[in-house]
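So the chains spell out like this:
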Amino acid sequence: MIWNEHYECMEREELQKLQGQRVKEMVKRVYDTVPFYRNKLKEAGIEPGDIKGIEELKKLPFTTKQDLRDNYPFGLFAVPQPEIVRFHASSGTTGKPTVVGYTHNDIQMWSEVVARSLTMAGVTKTDIIQVAYGYGLFTGGLGLHYGAEKVGASVVPISGGNTKKQLQLIEDFGSTVLACTPSYAAFIGESLVEEKIDPRKIKLKAGVFGAEPWTQEMRAQIEQVLGIKAYDIYGLTEIIGPGVSMECQFQRGMHIFEDHFIPEIINPDTGEVLPYGELGELVFTPATKEAMPLIRYRTRDLTRLHAEQCECGRTLVRMEKCVGRSDDMLIIRGVNVFPSQVESVLLEMSETKPHYLIVVDRENNLDTMEIQVEIEEEFFSDEVKELEGLRHRIKANISSTLGISASIRLVEPGTIERSMGKAKRVIDKRNLQ
Amino acid sequence: MIIKQLSVFLENKTGRLTELTGILADNDINISAFSIADTADYGILRMIVGRPELAAQVLKDSGFTVKITDVVGMIIPNTPGGLHKALQIISDNSVAIEYMYAFASGECKATVVIRADSLHKIIDVLQEHKMELLKEGDVIQV
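Chains as they are written, first to last, in the numbering used here: chain A, 168 to 600; chain B, 32 to 173.
There could be a bad hint or two in this list.
Stated by the list, open to error - One-sided excerpt, in silico: chain B residues whose CB lies under 10 angstroms from chain A: (1) Q36; (2) T49; (3) F65; (4) R77; (5) V89; (6) F95.
In short, the hints are calculated from the structure, not lab data.
Yeah, the Cβ is synthetic: ideal placement off N, Cα and C, and Gly gets one too.
Work out the full structure: start from the sequences and follow the hints.
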């Protein structure tokens, strides 16, 4: 099943023409409405009229996460506030989140691409979809929700957590599709076994999992324990949320909805555009977005694009699972974490200095984060309650800045390795490649 | 009346305590009493040593996190009810004890090291009740 054959199976030439038209219109729009882009284009010596088609895309300047931060909260919006019908946000590096606005049409477009995604996983109006992504500022919950409603499926908007309830509704409602982070899917699977629920009573057939990196081994494990086919969905808040790209039943990479999100792969050091098949940084131009269109947004995700026609009939390019990041961002339990956030928390506290090490691991398929913090001699106390108080204060501040909890381990001063130049701040033991 | 206690932050790592005792041995520093408060990740070693300033310095030089804490040493009879009587006096006078540890010195006496919320108050209270207190000069012998 293909949700929108017209756009998903378009001839490349026709698609490029459409992309060119949309980029051209978008550049004109942001030039007129977003001072940041007007200045940026002027600096690059580009007039909106210079952009005639998709070939000129590579002449345009990039947009980075830093640009979003500098223009916090609404500086990149291309429409006045009354046109905005919703906000979403993802955690930022300095405690300030990345804010994205949506117009009514943006929400419609997002629902459309999620509907296409769900259709790839075989979801139809006869399905009951349990949306166990978090609802709220995070795009996962509401993104999947609206797309599922557009398909006409029956949505169970349970949000994340409360695993006992998840199991109960899977059993009692007969949910056929589960949408959540892969680590949570694995956890639900384990809980199912622990609670000794008879797998024959479960009607789940498909899972739509994303928002964090996961391996083929994890996929096999989830598929086995839940008795489903697990699909990978990709997205990022800055572009729209989940539904930027999605796996079809042949699972040979994720089809990018190129009519809305124009992808490029670049050399992260030079910015040069690389041909299909080469590894580089993924860049998107969400040309049809009204509230916050971005020109060549650098995702920092490293991957490859493939353009050979897929057996499913879609002509959309496929992106491989991301193999890493071109910056130091970590994705922990679906939340973006930058080591610099930990640093800023420790700098703000008078009792600590930014001597820390982040150890990320995965236990029972759930990400764990331990932050080792060196104790400062002047704040060392002979009383356990004082040190435990300090540990809890660090924990609370980390949790409120990062949006996820970490365990804090106090270590002796000087024990965290100081290397020449860039200090090693992260040990990631998850082995996700 | 005030006794200097050495408090040392120790990560829970095999061999870390042995390193510390080695340094003290090399510097000819005697440990008269000690206790360790432990949590899952680290411990706080508290000890009474001869020449605490020197001990603190040599440990710091070897990278340990050390603090000198003022405590009081109370000498009680090593008999049933000996500790109870002393604690009764302390609690009757509303002095809070943060932590304490004890060691028997000889057959008839025991020494209790106490860290109280108010050092001066506990000394006053104990002296009022004619309790025997450890003096700094005594430490080397205990």
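Each hint, compared with the structure:
Checking B:Q36 against chain A by beta carbon gives a least distance of about 7 angstroms; that is within 10 angstroms, so the hint holds. Look at B:T49: its Cβ only gets to about 15 angstroms from chain A, farther than 10 angstroms, so that hint breaks. The beta carbon of B:F65 comes no nearer than 12 angstroms to any beta carbon in chain A, farther than 10 angstroms, and the hint placing it at the interface is violated. Look at B:R77: its Cβ gets to within about 6 angstroms of chain A, closer than 10 angstroms, so that hint holds up.
A cut of 10 angstroms between beta carbons decides the hint on B:V89: the least distance to chain A is about 15 angstroms, and the hint is violated. Taking 10 angstroms as the C-beta contact cut-off toward chain A, the hint placing B:F95 at the interface holds, the least distance being around 7 angstroms.
Violated hints for the displayed structure, listed by number in ascending order: 2, 3 and 5.
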